[in-house]
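Enquirer: Here are the chains, one letter per residue:
2 protein chains.
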Amino acid sequence: MHSANTVQHRATVSRSRREQLNRHRSVILWFTGLSGSGKSTVAHAVEEELHQAGCRTFVFDGDNVRHGLCANLSFSEDDRHENIRRIGEMAKLFLEAGVIAMTAFISPFRTDRERVRALVSENDFIEIFCDSPLAVCEERMSRDCIKEPAQVKSKTTPASRPPMKPRSIPT
Amino acid sequence: MHSANTVQHRATVSRSRREQLNRHRSVILWFTGLSGSGKSTVAHAVEEELHQAGCRTFVFDGDNVRHGLCANLSFSEDDRHENIRRIGEMAKLFLEAGVIAMTAFISPFRTDRERVRALVSENDFIEIFCDSPLAVCEERMSRDCIKEPAQVKSKTTPASRPPMKPRSIPT
Chain X
272 MHSANTVQHR ATVSRSRREQ LNRHRSVILW FTGLSGSGKS TVAHAVEEEL HQAGCRTFVF
332 DGDNVRHGLC ANLSFSEDDR HENIRRIGEM AKLFLEAGVI AMTAFISPFR TDRERVRALV
392 SENDFIEIFC DSPLAVCEER MSRDCIKEPA QVKSKTTPAS RPPMKPRSIP T
Chain C
272 MHSANTVQHR ATVSRSRREQ LNRHRSVILW FTGLSGSGKS TVAHAVEEEL HQAGCRTFVF
332 DGDNVRHGLC ANLSFSEDDR HENIRRIGEM AKLFLEAGVI AMTAFISPFR TDRERVRALV
392 SENDFIEIFC DSPLAVCEER MSRDCIKEPA QVKSKTTPAS RPPMKPRSIP T
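Chains as they are written, first to last, in the working numbering: chain X, 272 to 442; chain C, 272 to 442.
One chain only, chain X, in its complex shape (with noise of 0.2 Å):
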């Protein structure tokens, strides 16, 4: 703590503030599972909700942290301690920000979670294990997997993108 002379350069704007001014609080939602579990899908739908409710909401996953923030780390064992702790560390601020932070990361170790949980306050981390049968799983990961090439494809050429499909799985 800073004395109460140099009090001029201390936030004013205080966590309760943002949340009174948002009318919700602010909670780090995190979710974890094995890839195909649909961590990311599931965080996505609630964060639609919630937006739909007129809740400040972010959802962090691979693809904005993995080429950002994340980009210099590797997938060795100490980089993905590393991954998990700086994820932690955001996801933190952004509570303080008033923000409902969500969370989409594989997380295996319990102790990487526990750091994160350690961090914050006990009502202010919420874990959420995305328990997908591993044949799910397995199906829903090959499903994108197939899916990519298209992705590509469109992409290198606009003027063959296939017509929108509904975005309801074709049985």
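If you're looking for bench data, these hints aren't it; they were derived computationally from the structure. In this text, all values refer to a predicted model and were calculated from it rather than measured experimentally. There could be a bad hint or two in this list.
Unchecked claim - A few chain X residues that don't get close to chain C, going by computed Cβ distances all over 10 Å:
{"id": "1", "residue": "Val284"}
{"id": "2", "residue": "Thr303"}
{"id": "3", "residue": "Arg327"}
{"id": "4", "residue": "Thr328"}
{"id": "5", "residue": "Val330"}
{"id": "6", "residue": "Phe346"}
{"id": "7", "residue": "Val370"}
{"id": "8", "residue": "Arg388"}
{"id": "9", "residue": "Ser392"}
{"id": "10", "residue": "Glu393"}
{"id": "11", "residue": "Asp395"}
{"id": "12", "residue": "Cys401"}
{"id": "13", "residue": "Asp402"}
Unchecked claim - What follows is a list of derived Cβ distance ranges for each label pair:
{"id": "14", "chain 1": "X", "residue 1": "Glu348", "chain 2": "C", "residue 2": "Ala389", "range": "29 to 35 Å"}
{"id": "15", "chain 1": "C", "residue 1": "Ile397", "chain 2": "X", "residue 2": "Ala406", "range": "49 to 55 Å"}
{"id": "16", "chain 1": "X", "residue 1": "Glu348", "chain 2": "C", "residue 2": "Glu409", "range": "21 to 27 Å"}
{"id": "17", "chain 1": "X", "residue 1": "Glu320", "chain 2": "C", "residue 2": "Arg286", "range": "36 to 42 Å"}
{"id": "18", "chain 1": "X", "residue 1": "Leu390", "chain 2": "C", "residue 2": "Ser413", "range": "32 to 38 Å"}
{"id": "19", "chain 1": "C", "residue 1": "His352", "chain 2": "X", "residue 2": "Ser285", "range": "29 to 35 Å"}
{"id": "20", "chain 1": "X", "residue 1": "Glu290", "chain 2": "C", "residue 2": "Ser345", "range": "34 to 40 Å"}
{"id": "21", "chain 1": "X", "residue 1": "Ser285", "chain 2": "C", "residue 2": "Arg296", "range": "21 to 27 Å"}
Where a beta carbon is used, it is the ideal one built from N, C-alpha and C, also for glycine.
Given chain X, work out where chain C should sit, using these hints.
Expert: Relative to chain X, chain C alone:
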């Protein structure tokens, strides 16, 4: 972008929708200047005004970054670059989240600041050089040192401060 069939994995809540909800645009205000030039003081004063006007804001400074996200960085030249890189990437995510993100760091190297600027669109990054006279900076610093000698002296003694390289010399 993924193809239409995998769109259910993707974010539906965009920066634009968040800005509409907030009724203001998001932006990065990058305060730079010598130790004691008033970066943090000014940033927090701006934040107070913006908050009272109903804006979503956050200020990053040494207090909330150096002990968290960047706690494993030293003050070596390499680590100073990495410090600014991480802050830039984090500010970019706050921008995406619809927040007016203010940063208050010496950030003496123009190349570091230009690298952050290049992460976002032209109008999303506003650099603010706190151009206080050296004597004023020193007076403010020594006032802080008297109040909290251990903390300030060990981290940012003027002798070890890197030379400031403003983006443009004021005429």
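Enquirer: Against this structure, judge whether each hint is valid.
Expert: Outcome of the hint check:
no., hint, result
1, Val284, "violated, 4 Å"
2, Thr303, "holds, 16 Å"
3, Arg327, "violated, 7 Å"
4, Thr328, "violated, 6 Å"
5, Val330, "violated, 6 Å"
6, Phe346, "holds, 19 Å"
7, Val370, "violated, 6 Å"
8, Arg388, "holds, 15 Å"
9, Ser392, "holds, 15 Å"
10, Glu393, "holds, 19 Å"
11, Asp395, "holds, 14 Å"
12, Cys401, "holds, 13 Å"
13, Asp402, "holds, 18 Å"
14, X:Glu348 with C:Ala389: 29 to 35 Å, "holds, 32 Å"
15, C:Ile397 with X:Ala406: 49 to 55 Å, "holds, 51 Å"
16, X:Glu348 with C:Glu409: 21 to 27 Å, "violated, 47 Å"
17, X:Glu320 with C:Arg286: 36 to 42 Å, "violated, 19 Å"
18, X:Leu390 with C:Ser413: 32 to 38 Å, "holds, 34 Å"
19, C:His352 with X:Ser285: 29 to 35 Å, "holds, 32 Å"
20, X:Glu290 with C:Ser345: 34 to 40 Å, "holds, 35 Å"
21, X:Ser285 with C:Arg296: 21 to 27 Å, "holds, 23 Å"
Taken one by one, the earlier hints fail for this structure at numbers 1, 3, 4, 5, 7, 16, 17, listed in ascending order.
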